[in-house]
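> In the order they appear, the protein sequences are chains A and B. The C-terminal residue of the first sequence carries number 123 in the numbering used here, and the numbering is unbroken. The C-terminal residue of the second sequence carries number 1039 in the numbering used here, and the numbering is unbroken.
No lab work stands behind these hints, which were simulated from the structure alone. Note that CB positions come from ideal geometry on N, CA and C, so glycine has one too. Treat the hints loosely; a few may be bogus.
[What the hints assert, rightly or not] Here are the simulated lysine-lysine pairs, PhoX-like style, with alpha carbons at most 20 Å apart:
1. A:K119 to B:K147
2. B:K950 to A:K122
3. B:K285 to B:K198
[Stated by the list, open to error] Examples of chain B residues lying across from chain A (beta carbon under 7 Å, computed):
4. L171
5. T183
6. D226
7. I268
8. I272
9. S1017
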Amino acid sequence: MKLFEIEYISLIAGFILLIVGLWGIISQRNIIKMIISFSILDTSVHLLLVAVGYIRNRTAPIIDSSVNKLNAANEITDPLPQALVLTAIVIGVGITALLLTYALKLFRQNSSLEINQYKSLKW
Amino acid sequence: MVNPIYIVAVLLGTAFLLGLFRKKGTGIIALVALAFPVFVSASWFFHFLSGNTEVLNFFTAGAKPPFSINLQLGIEEALFTMVINVLGFLGYTYLYRDFKEQGIKSTVLFLILIMGLNVLIMSRDIFNLFVFLEIVSIAIAGLIYLKRGADTAIAGFKYLIALGVISTFLLIGIAFFYLFSGTLNIDDFLNSNLPAVKGMSMAVFLILMAILLELKPFPANGWALDVYQAAHPGISAMISSGTATASIFLLYKLLPLSSIDWLPYISIIGAITFIGSNLLGIAQKDSNRLLGYSSVGQIGLMLIIIGMAPQLGEHFNLIFLTVFISHFLAKAGLFWISGIIKKDNIRQWSVLRKNKLLLFMFGFFLLTLLGFPPFPSFYGKWQLIMELAHGSQFIWLALILAGSFFEGMYLIRWFGFAMKEKDESEEKLTIHWEKMIPPVIFTVFVMGASYFANNSSDYGHTLNLIPIYFVIALFLLDFLPAFVKNSLVIASMIIYSILLYPDISDDTLRLVFAGIFMIGGVLTLFAGYSVKGKREGFFPFVVMMYAGLIGLIEAENLFQFFFAWEIMTLGSYFLILRGKKSIKHAFNYMLFSLGGAYLIFIGFALSYFGQDSLDLSIISATTLPGWTYTLLAIGFLTKTAAIGLHIWLPGAHAEAESDVSPMVSGILLKAGAFGLILLFLLMGAEQSEQHSLLYILGWLGAITAVGGNLLAVFQEDAKRLLAYSSVGNLGYILFALAFMTNVGWLTAITYSINHFLFKTLLFLAIGGVVMRVKTHNMYEMGGLIKKMPWSFIAVLIGIITLAGIPPLAGYGGKWLFYNAVLTKGWYFQGALIFFSGTIAFLYAFKLIYSVFLGQPKDKFRNVKEAPIWYLIPQFILMIGIMVFSARPDLILKPIGTMLSQSNYFPTDPLNWEDVTATTNLGYWSGYKIMIVIGVMFVVLLGWLMIMSRKAQKIKQFNIVYAGERPFTPGTTHFSHNMFSNYYKAIGFLSWPVATGFWNGVNLFTHNVADNIRRIYSGNGQTYIVHIMIYTIVIYLLMF
C-alpha cells in the first residue's frame, strides 16, 4: 500500500499540521498559543520539505561508515532539501524568538496576552 | 569595478564587528559602510548606462551552482540597488540621532536590512530569496520597535505573524518547485524548458502569491497599514520606499517562472488595490496611516503598469520608472517630514507653516505624487493613458483616473490643512539639521528626475519650459520685497508678450485671448504694488497661472495643451488658497478642476485612439466623436462653471485676495471659454451628428445665465455677487458659442472681451473698497460715493457695460446677440437670456446703490479712496471699454473675416461698412450710438443743473426719526435684505440644489470609504483571515 510509505505519511502529516497551525493562528485568542500555532505551522513546512526530498530506500546524506563514498550519489537521499530545512529551522527559530519578545513587551505594558485587547490600531 | 558581492561582505562584516566592539563612533562607521554600496552600485549603473550591456554574473563561495548561489547585476539590478542604497544612506542619516539613543542593536539591524534588500534584487536563487526575505522581515520587525510603546509592539507582532504565514506559502511553493523542476535556480529553470505540469503551476502560484502579498494588496494588507501608522516614520519610509521597491523587483524577476499568463491578474490586483486603497484614504485622519494608504495605492498603480506591459511596448520603461521614482522619492520624503513635525492628525500639519522649507517640500512631494506637471509621473501618466487609449483599453483608463482622483481628494485636502488650518501648537518646532538633509536631497532628486523624464518623453521636447524655469527662479528670489518681484513679473510678461506676438498675429482668435490673458495679467498685477512687505509665495504662482494660460494659446499638440492646462490649474489653486477663508473653496475648486482635467484627459486619449499624431487636429478626426466631444465639453465647462458645476466658483472668487479675484474671475475663466472655442472649432460646423450636444449646451448656457444672475441678485456679499454674475456671463458665452453661426461666435467673442473688461474693472473697484472698509457685506457699506468717487465712476462704467445699456460695449453684445438668436431660431432659450438680462439690472443696481449711495455709515467716516495702484488699472480698463464700445470693428472685423474665410462659418456674416455693422435684420454703429447718447447725456445733465441750481443741500443727519431709535441701524438700511419681495416670489429658483447634490456625493463617498475601511478591524487574526481568503479567491480566479 503506497499510502503508508514513509514519504506519504510525512507529506500527509505535514499538510495536517499545516492546517492545524493555520487554524490555531486564527482561532486562538491567547498570543502565546498563537505563537505555538505558528511553530506548528513552521514545523509542518519542514516536514513537507523533507518529504519532498526523500528518495526511498536511501540513507541520510551524511558521508560516514554506512555509505560507500564512491557510490554516495546513489545511496543517499537528495541533500539539498535537507540543507534547506536546516536553514528554514534557523529562520523559524529567529522569528519565533522575535514573536515571543513582542509578546513579552505587550505583557509588560498592558498585562494582557489576549489579542482581542489590542485593537487601538485599526481602520 | 568593485565586485558587488562586497556590498554584502562590507555590510555584514560591519554589522558583526559593530556588535563585537561597541565603541563610540559606531554611527560614523555605519555611515561609511552604507556609503560603500552607494558607490559600488552607482559606479555599475553608470558603467551600464555608458553603453556596456554585458550582464555581470557572480557566485558566492567561488563555486558554481548548485553548490553556490548565483547573483546577477545588469542595468536594472544596478539601478534598483542604487536607489535602495541611496535611500539606506539617507535613511540612516535621518535616523542617526534615534539610533544613537537606542544603542548599537538598531544600527546592526539597519545594516542587515540594506544588505538583505540588495541581495533580494541581485540573487537568482529562489531559496536564497526566501532566506533574505526573512532576513529583511526580521530586520524590519526589529526596527519597528525603535519607537517604544504598546502600539508599536502589537503592530510588530501582527507584522511578524502575517509575514510568517506568507513565508509559509512561499516555502511550500519553493519545496514543490524543487520537486517538479529539480532546481532552485531561476536561470537554470528558464533554460530547461520543462513541460508544464499542474503541480508546477501550483508551486509557482504559491511563490508569486507570496511575493504579491508582500506588496500589501488591498484588502489583505491590514498588517502593513498598522505598521505604517505605529512605526517610527523613518522606518516607515524604509518600508514604503525600500522594501516595496525590492518586492516589486522580485515580482518582476519571478514572473517568467510561470507558464500561465499572470499579467492580466496582476493588473486586476493592482487596480483593486489602487482604487480601494485610495478610496479608503479619503476617510483617514491619521497622517502616517494615510501615507500608508497612499503607498499601497501607488504600488497598485505600479502593478497595473507591470500587468499592462505588453500593451505599453517601448513606453513601458518611461511609464514604470517615472511612476516608481515619484512614489519612491515622494513617499520617503513625506514620511521623513512626518517624523520631523511629529503630528498624527492631518489637521495638525498646519504646524508646517513654522518652517517655510518644510512647507515647500511638503507641497512639492504631494504634487509629485499627484503627477502634476512638470513632475516625473506626469509624463508617465500621460504616456500610460495615451497608450491605453491606443490599445482601446478604455475601462482601464477610466479606472486609473478614478483612483488618481480619489488620491487627489485626500492629498489636496491635506495640503489645504497644512496651508490654512489654525495652528494651535504653542511650542517651537525643533528641527535637527541631519533630519532635514534627506528630504532636501530627495527634493533635488525629484527635480532631476523631472528633467530626465521630460527629456525621455516623446513630446517633452515640444514643451516650452522657460516659464517653468522662471517660476523656479522666483521661488529662489522670494526673499526680495514685493514691489521688486512685481516689477520683475510685469516686465517679464510684457517681454514675453512682445516675443510671442509675431507667432500668433495672424490668428486673431488666439490673439484676442492672448490679449485678455497677458494685458489682463499686467493690469491686475499693478494692483499688487499696494501690498507692502515680501508677499511670500505669491509671485511664483501668479507666473505659473499666466504661464499656463499663455501655454494654452501656444499649444500645438494635445500634450502641450494638457501640460499648460494643469500648470494653469495649479497656479490658480495656490492663488485662491491664499485668501483668508479660502480653505474649503480652494479645495472645491481643485476637486472640480482635477475632475474636469481628467475628463479632458480622457477626451484627448479617446481622440488619440486609432491615430498616430498628437496634433490638436486629431480631435476633428476622432473615431469616437460622441464620447470625445461630450467629455471635453464637460471638462471645459467645469472651468467656465456652468450651472451644476459652478458651486466652487462663488466662494473661490469671493474669498480670494482683492487683486486675485479679478485675475481668477475676469481672466482665468476665459481659459474655459478658450477651451470651448477650440473644441467647437475642431468639431467643425458641419459635424451634423453633434447637433444634439450643441443643443444641450445651448440650453445649459441659457439656464446658467438665468441661474447665475438670479443667485447674484440675492447676495449680500459684494464679491459673491460679482462671482455669481460671472457664472451668468459665462452662460451667455456658452449659449452664443453653441449657435455655431458666424454672428453667434462674434457675440461670444464680444462677450468674452466685455466680460474680461468689466469684470476685471468691477472686481478691482470692489476689491479696493473692500480693502478700505474691511467687509464684504454691502449693507454694512453705503454712501461711499463721497469718500471714493473714482471707484464709484469705475463701478458705474462697469455696470453700464454689464447691463448692456447703450452706449457701452455691452449694448453691442446684446445687439449681436438678438441677431444671432433670431437667425438661429432658438426663441425660447433666447427669451430666457432676455429674462436674465433683466435680472442683471437688479443686481447691478444693488451693487452701486448699496455700496456708494444712501447714508454713509458712522464707522466709515474716515475711509480713504482706494489705493492708487488699484485705480490705475481701472482707468486703463475704462479706456479699453470706451474704445471697444466706439470701435468694435477693430476686433470684430478681423475675427468675422477669419470665420467667414475659413471653412468654419462662411454663411450669414456680419458686414462692415466703415464702423457700421449690418446684418439681414438691421445695422449698428457703436460710434454713432456713442455720439448720440453722449449728446443726450450732456443736454440732460445741463438741463438738470439749470433746474436744480436753487436746490438745498442736506446734511446726513438733517432728518427726524419718528420718536424711535433703531437699535440695529444696519438692518434698517434699504439695501439690507434688498429684493426680499423678489425672493418671496422666485427665491425657490435659487435654492442650492447643485450644492446639495455635490454635498451628497461627497458625503456618500466618505461614508462608503468609512464603512469599507472597517474591514481593518485591528485584530491581527482578522488580517490573517484576509490573507487566506484573498489567496483562495485569486486561486479560484486563476484555475
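> For every hint, state whether the structure bears it out.
Verification of the supplied hints:
1. A C-alpha spacing of about 18 Å is found between K119 (chain A) and K147 (chain B), which places the hinted pair at or below 20 Å, so the restraint holds.
2. For the hint pairing K950 (chain B) with K122 (chain A), the CA-to-CA distance comes to about 83 Å; that exceeds 20 Å, so the pair is violated.
3. The hinted pair formed by K285 (chain B) and K198 (chain B) fails the criterion: a straight-line CA distance of about 47 Å is larger than 20 Å.
4. Interface hint at L171 (chain B): satisfied, since its Cβ lies 5 Å from the closest Cβ of chain A, which is below the 7 Å cut-off.
5. Here the hint on T183 (chain B) is broken, as its CB sits about 9 Å from the closest CB of chain A, past 7 Å.
6. The beta carbon of D226 (chain B) is positioned within 7 Å of a beta carbon in chain A (closest approach about 4 Å), and the interface hint is therefore held.
7. About 25 Å separates the beta-carbon of I268 (chain B) from the nearest beta-carbon of chain A, more than 7 Å, and the hint is not met.
8. Restraint check, I272 (chain B) versus chain A: the minimum CB separation of about 19 Å is more than 7 Å; hint violated.
9. For S1017 (chain B), the suggested interface contact is upheld, since its CB lies about 6 Å from the closest CB of chain A, less than 7 Å.
Going down the numbered hints, you'll see the structure goes against 2, 3, 5, 7 and 8, while the others check out.
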